[in-house]
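In the order they appear, the protein sequences are chains A and B. Sequential numbering of the first sequence, starting at 203, is according to the working numbering. Sequential numbering of the second sequence, starting at 109, is according to the working numbering.
No lab work stands behind these hints: they were computed from the structure. Treat the hints loosely; a few may be bogus.
As the list claims (entries may be wrong) - From the structure, some residues in chain A lie toward chain B, with a derived Cβ separation under 7 Å: (1) 468; (2) 475; (3) 479.
Unchecked claim - The following label-pair restraints were derived from C-beta to C-beta distances: (4) B/168 to A/229: 30 to 40 Å; (5) B/171 to A/356: 53 to 63 Å; (6) A/314 to B/215: 20 to 30 Å.
Every residue, glycine too, gets a C-beta built ideally from N, C-alpha and C.
Here are the chains, one letter per residue:
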Amino acid sequence: MNELKQQTTVDSKILSVKNLRVYFPVEGSKKSAHKYVKAVDGVDFFINEGEILGLVGESGSGKSTIAYTIMGMNKPKEGSILFKGEDILKNNDKRSISFKKDVQIVFQDPGSSLNPFQDIRQILKLPLKVHKIVSKNQLDEAVGKALDRVELPRNFAYKTPTSIGGGEKQLVSIARALCSEPKFIILDEPTSSLDVSIQAKIINMLLKLHDEQKLTYLFITHDLSLMRNISTRVAIMYLGKICEVAPTKTFYTRPLHPYTQMLLSSIPVISEEEEELKPKKVVSVGEIPSPVDIPTGCSFHTRCNKKIDICSQKDPFMREVEPGHFVRCHLA
Amino acid sequence: MNEHLLDIRNLKSWYRTYQGYAQVVDGVNLTIDAGKKIGIVGESGCGKTTTMKSVLRVLDERKAYLPEGEILFKNQNILKMRETELQQIRRKNISMISQEPSAALNPVFTVGQQIFDVISYSTQDDTAKNKKELTDIAIKAIRDVFIPDPERILECYPHQLSGGMKQRICIAMALVIPRELLIADEPGTALDVTIQDQIHRLLRALVDEKQTALIMITHSLGVVRELVDQIYVMYAGNIVEVATTNELFKNPLHPYTRGLMDCVPRLSGGGISAGIYGYVPDYVHPTPGCRFSPRCPYVKEICRVQKPLMLEIDEGHTVACFRYTDSFTEQHRQEESIGERA
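Bound-form chain A, shown alone (with noise of 0.2 Å):
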């Protein structure tokens, strides 16, 4: 399914930031000396229209930062984010009224990020009359295809966000995110708190979605191997950079920055299938350094062990190794 898509995939670019960086001033430290955590420290990626991006990182590597300074939630301190070609950095920051409707984000947690105080037809109502969907007097009405749309029962409509359970929240805060009629939408590890039972469930809905309305998704996720059955591209993001880009199938069959070795050497497998995908002789040492005190060099240079001496004081520059497959590494 998903080579597939990638044949069908047009070629035109969505989304693309570049350079992107959003620093984080430290509290407490004097105005003089001013220290910055480096959540995203200088990024580059795009995003066709039509794709399943995927971004994928430990906590703490910038991931949901991005999606957040896409949104105009965080101010970043340097680079563009184009969308459709336009700057929308440009205007001060504020995103207009068109981009805020093309645009949607589901984000992690449905239990906080849905008002407990309304029921689900207040929450649904809103974006609707916002970017008037609909005239008012068929607002029930959308609200009730807005939940059709997602195969929950209208009658969800009088219920609050409390009384349901947690897939059913996801699957809600998935139909707001839709009711604007989104072209592009953001979705930060939407399923990280659920079953896998549920979560099975809600990623099937999200592809039917992708299908049905000709979306674009920016997938945010830790788990790669659900990555793996979602995404046609997939980036690798650690401390702040990204690491490594390639379509899905090479990203798991020759993965070649070390971190990913890492990372894809530490999932727990349930077939022997799988098992041999994993790259053999890396073992997961140290841990994700503050995002204050960024290593010198390539910021991977602690943890991995193919480490040479250039690597601790010179950072990489992005390459492409073969068409489409990007690398941040001294060695690929």
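Got chain A; can you put chain B on it based on the hints?
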């Protein structure tokens, strides 16, 4: 009588709610022998943690109600023990690693102080230890979990350590005095995959080295596959299938086990299955029959009214499902010929 280290028999743990009793753990049988490693797998809310908390008797007594069952630890019933005997068990025999390391450590004491407490609590009856001896034992324990610079760590407060370090400290605390049984409740779940891998490897090495029996609670089939010898699959307060690790992955029998395995995204790709229809049942008014029956694709009339008993299919492989009883074999074959569910 053959002696198991821990023998849980028909344990029922209920919670009092305003609607009535929530029958969370409903007749769990489980045995573990000294030095063995077993895993309990199930989705959240299926009663894994409640079962293990019953073993340590750390459930809130005002809320929990244990109507039936026995928990035999070396042939002594834990549920009938007096507080002093119970203390003895907690002191010497069983320890537990909890899911959330940051919640397990007290934020206002240093790591060293907390480890010292564990050591002096566990060795109370023996010779009283002085500060120097305590420090030596604690430093050795921290070295065992591969944290560099243990002297400095002893002086640290938990918030100064990363999640992985905190979980290592919890493991160090659980194993600082050799125990016969270690209960690990999702020790890697709150951590990143590379750190989780390290924690699991560490746990396995230490358990092997110290000959401790291990009960690993997790929701991840991949984790138990790598860590334990025997797996108990739990659904809604019942053990539905027990098998050795190899056997379970080669030949899963219970519809729930199969469904769960299908749901796990594979590294080798191939898409994602449809998931298991429905949700975990209401524990206050559970169905009288098999608790998986509302979600089971093969459900029959008998499943809804009668509880299936554990049935031994193969040596060491038991399953609680009517599909494998003799009267069902005929229907079962027909289903197989129609073909498995897509």
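Against the structure, the hints come out as follows:
Hint status for residue 468 of chain A relative to chain B: holds, with the closest Cβ pair at about 3 Å, below 7 Å. For residue 475 of chain A, the interface hint holds, the least distance from its beta-carbon to any beta-carbon of chain B being 5 Å, beneath 7 Å. Hint status for residue 479 of chain A: holds, given a least beta-carbon distance of 5 Å to chain B, under 7 Å. The hint said 30 to 40 Å for the Cβ distance between residue 168 of chain B and residue 229 of chain A, and at roughly 38 Å that hint holds.
Between residue 171 of chain B and residue 356 of chain A the beta carbon distance is about 37 Å. The supplied range of 53 to 63 Å is therefore violated. Taking 20 to 30 Å as the suggested C-beta distance range, the pair residue 314 of chain A and residue 215 of chain B conforms, at roughly 23 Å.
Hint compliance for this structure: hint 5 is the single one not met.
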